[in-house]
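**Q** Spelled out, the chains give:
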Amino acid sequence: MLWWVAQIMVCMSMLELARKSRRTGLSPIVLALPVALFVLLCLSSDTFRSLENLANVNSQITALMIASLGQGIVAISGGIDLSVGSVMSLTSAILVTADPAWGIPLALAMGVCVGLINGFGVTLFRVHPLVMTLATMTFVQGVALLLHPVPGGVVPGYLRTLAVSQVAGMPAAFFWCTAAILLAWFLLTRSPLGPRIYAVGANPVSAGRNGIAVMRLKVACFVLCSLSAVIAGIFLTARVGAGDATMGAPYSLDTVTAMALGGIQLAGGTGSVLGVVAGVITLGLISNGMNLLGVSPFLRAALTGVLLLMAIGLQRREAIGA
Amino acid sequence: MTGDTVSLSNTTGQWLRKASRTLISLPFAYTAMVILLIVAYFMRPSLLTPMLLLLIARQAAPLGIAVLGQSLCMRVLSLDLSAGGVVVGVSYILTSGLLPYPEPVLMLIAVAFGIAVGLLNAFFITRLRASSVIVTLAVTMVITGVAVAFSQLRSPGDAPEILTELVRFKIGIVPVVLVIWAALLIAVAVFIRKSVFGRYVDAIGANPRAAWVSGIPYVRVVTIVHVMSSLFAVFAGFLLIGFVGVGSMDLGRDLALNSLAAVILGGVTFGSGKGGVLGPTVAALMLTFTFNLLTSLGLGEPAKLMLQGIIIGAAAAAYSVQRKN
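Protein chains in written order, with the numbering used here: chain A, 1 to 322; chain B, 1 to 325.
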């Protein structure tokens, strides 16, 4: 039985490799999964259908959405960023410890710094992106714990208003999501930067020979990713209403899961904003559905792991290893 | 390098240059260990008594054993971050009382569990060609999630007596744990240096494509390496459970990251086994000593994490710059 599952996964991953030439990486499964889940949950649970719960789902996935969009950009450029979660945690720690007027600028500056370190480590020093971002992840987590060891603290009032108020009957989270999605969509498809990111991710050597400043572009992608993690952290802190130096920890792998579910190839060069959105919604619906069904949160983490394994298993690469 | 050995009439200058070159090419762990001992001598001389040094070495044993597996993985261009998950799984198998078997049988089940995890990792990495970091992190997530969820129903109990006795046992003043560690170390070193398997590992690390094309059993080698790595994590788990005396879901949490840091510090990077088996081992001792020193200086978890991050990042960067030159 297990053997058959394994064989089927091998075949499917080969099929995925065969149609790798498409740039968006969108397959019918990627798009159908969130829709099917939505219909299934609507049919199975009354609570799910309530407007209140749907708004709740929206605000639950907003932070993941913003962070995953950044992760997606890095992935399309051929990298990966595991420091996303720690950057979110440090943002949270900064927001509640710094002077309210300086919290956001400081957090953004921190994001730029982490992005630069990741970017230069990967390009200039040629460290494998996984190892490099694992290092910054650990370091930044340490700084966050040093700054704000015990969860708590007061979030500036204006931030709270920005995150939880309602505009024209829509929760603020909806606007955060929309703005982030539009920004990422504009960057990847309408700005001159977009095609270059795809080119570098698909083949950095030939992109360089065609006159693209590969190093600068890769560094820019890492900075963008860290900045989006900072913004995700700002939203999450404001929504929770308190600082927590470990708040972002699950997000490093959750963003990778969402991205892989959305058909973005970790090898680079393939992916789309629509894919990220589909992946994030899938993950959010699964999480919310299990919550409604009363599944233990620890088992939910285990299931996210299983999902990640399946999504990543379907992305057959050329190389074996890290 | 080979050119240097020809000249028999070494002048002092040449000899010095050669010595300094060898010194620079040594794994950072050796230099760092010396610096650390000097720092400790001036700041906390009490750490340098034989008693405490042996205790610290004993404490380093689980990390040292896990490092053996990690260094093998890195030699074949892979990584294994599932050590933490394996330890939690082993801890739950041994201490929860969920399985009503005698202790030796439970330990065999734990070993089988380790093999299964290694095979699962290897399946995803070699057959589905997924990124090893993501795969092993996801496997850790699954194991930890399931174990913690189960431990809500049935909390872990006392450690098996065999293990608590084993870690307390001493030969003269040397803890038997250190003897076990040394035995594993020598076994791995000889195996890697003398066996055909060791040559395969080197070949894959040096040039994976060439190894693949020349018909080296690539998939089998990577699979065996991952199974070995998980097995070492099981042994590390045995020792950790013995030390603590009760099962816990927090055991081995930073084992994976520490082993990565130690391997890189010990001079083994992706595809290059230059640091051998000894380099990572010295690094494991050094890291454990550093954490003790930090604790004795009153610095806690945050400082430890920051140091780990700096070590992994800086050492990896320095090695790849060195290799480029």
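These aren't lab readings, by the way, just hints derived from the structure by calculation. All values derive from a computational prediction rather than experimental measurement. Treat the hints with care, since some could be wrong.
[To be verified] Label pairs and their in silico Cβ distance ranges:
1) A:P149 to B:S155: 39 to 47 Å
2) B:M43 to A:P151: 27 to 35 Å
3) B:R154 to A:T161: 42 to 50 Å
4) A:A319 to B:G300: 34 to 42 Å
5) B:R168 to A:C113: 42 to 50 Å
We put the beta carbon where it would ideally sit given N, CA and C, even for glycine.
**Q** Evaluate each hint against the coordinates.
**A** Comparing the hints with the structure gives:
Taking the beta carbon of each, A:P149 and B:S155 are about 27 Å apart, not inside 39 to 47 Å as hinted. At about 33 Å, the beta-carbon gap between B:M43 and A:P151 stays in the expected band of 27 to 35 Å. In this structure the hint that B:R154 and A:T161 lie 42 to 50 Å apart at CB holds, the actual value being about 46 Å. As the Cβ distance of A:A319 to B:G300 is approximately 40 Å, the hint placing it in 34 to 42 Å holds.
Roughly 48 Å separates the CB atoms of B:R168 and A:C113, a value that falls within the hinted 42 to 50 Å.
Of the numbered hints given earlier, the model fails hint 1 alone.
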